[in-house]
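Trainee: Sequence:
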Amino acid sequence: MIKDITFGQYIFGRSVIHRLDPRLKILCTILFIIMLFASTNPIGIGVTILFVGILFAVAKIPLKLVGKSVKPIIPIIIFTSVLNMFFMTGDPIFSFWIFTVTRQGLIYAAILSLRILCLIAGSSLLTYTTSPIELTDGIENLLSPLKKFKLPVHELAMMMTIALRFIPSLIEETDKIMAAQKSRGANLDTGNFATRVKALIPVLVPLFISSFRRADELALAMECRCYHGGEGRTRLKRLMFRRIDLWAAIVFLAVFFPVVLINYIIPLAVI
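According to my numbering, the sequence shown is numbered sequentially starting from 493.
In short, the hints are calculated from the structure, not lab data. Just so you know, not all the hints are guaranteed correct.
[Unchecked claim] Result set (BS3-like, lysine-lysine): computed pairs, CA atoms no more than 30 angstroms apart in a straight line: (1) Lys563 <-> Lys642; (2) Lys552 <-> Lys690; (3) Lys556 <-> Lys674; (4) Lys552 <-> Lys563; (5) Lys640 <-> Lys563; (6) Lys642 <-> Lys668; (7) Lys642 <-> Lys560.
Assemble the whole structure, with the sequences as input and the hints as a guide.
Mentor: Below, the structure written as structure tokens:
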């Protein structure tokens with residue numbers, strides 16, 4: 493179900509990961525994505541999966557939340573895995589008609605599926621453990637050098653954070669609209685692809701109208717509070733890099749570099 497998607501939600505907590513500097517968490521998320529796509533063998537992927545599991549355990553966030561978010565993209569994962577399984581060259585295992593399944597194709601399909609799952613889990617952990625305000629401050633601080641080029645850094649950070657924040661709201665709104673249309677006799681789950689796309693029009697139109705109304709209400713609320721961008725604004729909490737952040741960075745780099753280097757020591761072709 494659409495309502496099961498939890499990406500973009502913030503889950504309140506007092507764990508070590510919740511208390512880390514948002515700038516560090518953003519940078520670590522970027523490095524995690526690099527590490528994930530640099531992992532081209534089962535050993536690197538296995539270490540990455542174990543590392544993600546430990547992070548979720550430390551953050552005290554149940555993995556079932558990630559499972560709910562993965563449900564809608566399972567067909568995409570299966571489709572891409574099947575393509576790699578049948579069309580990647582290597583040692584053949586069995587074949588039928590024009591398709592041949594190779595050992596390398598099976599390994600790469602499994603690695604690709606696990607990589608997508610880890611990507612969703614690792615990137616979701618950032619929003620699960622970082623409030624929208626902290627996320628905005630962190631992004632703005634990291635992009636602050638761009639102010640020299642007259643770029644509206646605060647506004648860019650605000651837009652990115654608002655977009656993430658409203659993902660759960662739009663998902664909830666979509667689920668309500670679909671339930672309302674079904675109660676009026678709309679058939680959204682059956683028929684061929686063209687029929688389903690046509691049936692989504694009664695859902696998309698009110699969803700767009702609701703989105704524009706939310707945006708207008710948010711803009712009006714910000715104007716009523718005399719919001720004028722980042723110039724001259726003060727913050728209740730100042731971002732400070734503490735000792736706990738230093739230790740967290742050391743631990744992350746201690747995992748990052750071995751996982752990246754292991755792909756050059758033991759490439760996928762050897763496995």
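Trainee: Hint by hint, note whether the structure agrees.
Mentor: For each hint, the structure was consulted:
{"no.": "1", "hint": "Lys563 <-> Lys642", "in the structure": "violated, 42 angstroms"}
{"no.": "2", "hint": "Lys552 <-> Lys690", "in the structure": "violated, 42 angstroms"}
{"no.": "3", "hint": "Lys556 <-> Lys674", "in the structure": "holds, 28 angstroms"}
{"no.": "4", "hint": "Lys552 <-> Lys563", "in the structure": "holds, 22 angstroms"}
{"no.": "5", "hint": "Lys640 <-> Lys563", "in the structure": "violated, 43 angstroms"}
{"no.": "6", "hint": "Lys642 <-> Lys668", "in the structure": "violated, 42 angstroms"}
{"no.": "7", "hint": "Lys642 <-> Lys560", "in the structure": "violated, 41 angstroms"}
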